[in-house]
Amino acid sequence: MKIVLTDRPFEPGALVTAFCADRAETGAVATFVGLARAEQGQAAALELEAYPGFTEAAIGEIAAQAVARFHLQDVQVVHRVGRIAPGEAIVFVATAAGHRREAFEACDFLMDYLKSRAPFWKKEHGPDGARWIEPTDRDRTDAQRWD
Amino acid sequence: MARVLLFGRLADQAGWRDRSVEAGDLSALRAALAAEDAGLGEALAAPGVQVAVDKVLVRGEASLAAGAEVAFLPPMSGG
Numbered sequence: 001m002k003i004v005l006t007d008r009p010f011e012p013g014a015l016v017t018a019f020c021a022d023r024a025e026t027g028a029v030a031t032f033v034g035l036a037r038a039e040q041g042q043a044a045a046l047e048l049e050a051y052p053g054f055t056e057a058a059i060g061e062i063a064a065q066a067v068a069r070f071h072l073q074d075v076q077v078v079h080r081v082g083r084i085a086p087g088e089a090i091v092f093v094a095t096a097a098g099h100r101r102e103a104f105e106a107c108d109f110l111m112d113y114l115k116s117r118a119p120f121w122k123k124e125h126g127p128d129g130a131r132w133i134e135p136t137d138r139d140r141t142d143a144q145r146w147d
Numbered sequence: 001m002a003r004v005l006l007f008g009r010l011a012d013q014a015g016w017r018d019r020s021v022e023a024g025d026l027s028a029l030r031a032a033l034a035a036e037d038a039g040l041g042e043a044l045a046a047p048g049v050q051v052a053v054d055k056v057l058v059r060g061e062a063s064l065a066a067g068a069e070v071a072f073l074p075p076m077s078g079g
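Protein chains in written order, with my numbering: chain A, 1 to 147; chain B, 1 to 79.
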């Protein structure tokens, strides 16, 4: 299990390749990549703040829950912090399991948590200045599916 | 001395995100911050703002060891 916060752009393809290496007993790897959207010019950049140490620990707890719940063999989360330009990857999640259903569902479960409850604070910089963003109703109801 | 960390809109409102404050417990710490900036004191006490001491969430009051790290966390947005 690996949880990483980084303030540098990352290359999702390289992460998938590394995650898939040396897996004789893994039948399925599911991955998700979240990108920063331009929102028709309304979002010139996203700024994400984390609480180093606290944020990784909180994500690690949910990742451990995902491992137990979906019988995962491994999980990895890479999350950007700092200023992120439209088109750049914000988040990478990879799950490894014996079979595909568990890998898909665990990936979905982790993303619902990351999008709605993970300890990040998100600011959108647009033409009219900057504003803090909170989870949408959709983000919350998505997360409630797993309760 | 406790180290106080502010995140998100709380840091923007205060104009700082990291400072040391002399306080033996959480209520003394809140009082010290509010005495200096009443608006911030109110924002820190607002519903939805969580407090972590040494990276562990606490509810209600807590005593603070020397060098404790106290973080005020506004509602988390997700990534």
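Source of the hints: derived by calculation from the structure; they are not laboratory data.
Don't be surprised by glycine CBs; every beta carbon is placed ideally from N, CA and C.
Wrong hints could be hidden among the right ones.
Under the rule of at most 30 Å between Cα atoms (straight-line distance), these lysine-lysine pairs were calculated in the DSSO-like manner [claimed, not checked]:
{"no.": "1", "chain 1": "A", "residue 1": "Lys123", "chain 2": "B", "residue 2": "Lys55"}
{"no.": "2", "chain 1": "A", "residue 1": "Lys123", "chain 2": "A", "residue 2": "Lys2"}
{"no.": "3", "chain 1": "A", "residue 1": "Lys122", "chain 2": "A", "residue 2": "Lys2"}
{"no.": "4", "chain 1": "A", "residue 1": "Lys2", "chain 2": "B", "residue 2": "Lys55"}
{"no.": "5", "chain 1": "A", "residue 1": "Lys122", "chain 2": "B", "residue 2": "Lys55"}
From the derived model, a few chain B residues whose C-beta atoms are all more than 10 Å from chain A [to be verified]:
{"no.": "6", "residue": "Arg3"}
{"no.": "7", "residue": "Arg30"}
{"no.": "8", "residue": "Gly67"}
Hints, one by one, checked against the model:
1. A/Lys123 - B/Lys55: holds (23 Å)
2. A/Lys123 - A/Lys2: At roughly 26 Å apart (the allowed maximum being 30 Å), A/Lys2 and A/Lys123 satisfy the hint.
3. A/Lys122 - A/Lys2: Since the Cα atoms of A/Lys122 and A/Lys2 sit roughly 23 Å apart, the hinted pair holds (cutoff 30 Å).
4. A/Lys2 - B/Lys55: The given pair, whose Cα atoms are some 20 Å apart, holds under the 30 Å limit.
5. A/Lys122 - B/Lys55: Holds, because 20 Å separates the two Cα atoms, which is no more than 30 Å.
6. Arg3: Since the minimum Cβ distance to chain A is about 13 Å, B/Arg3 lies beyond 10 Å and the statement holds.
7. Arg30: Since the minimum Cβ distance to chain A is about 19 Å, B/Arg30 lies beyond 10 Å and the statement holds.
8. Gly67: Per Cβ check, B/Gly67 is outside 10 Å of chain A; nearest 15 Å; holds.
Against the hints set out earlier in the document, no violation occurs for any number.
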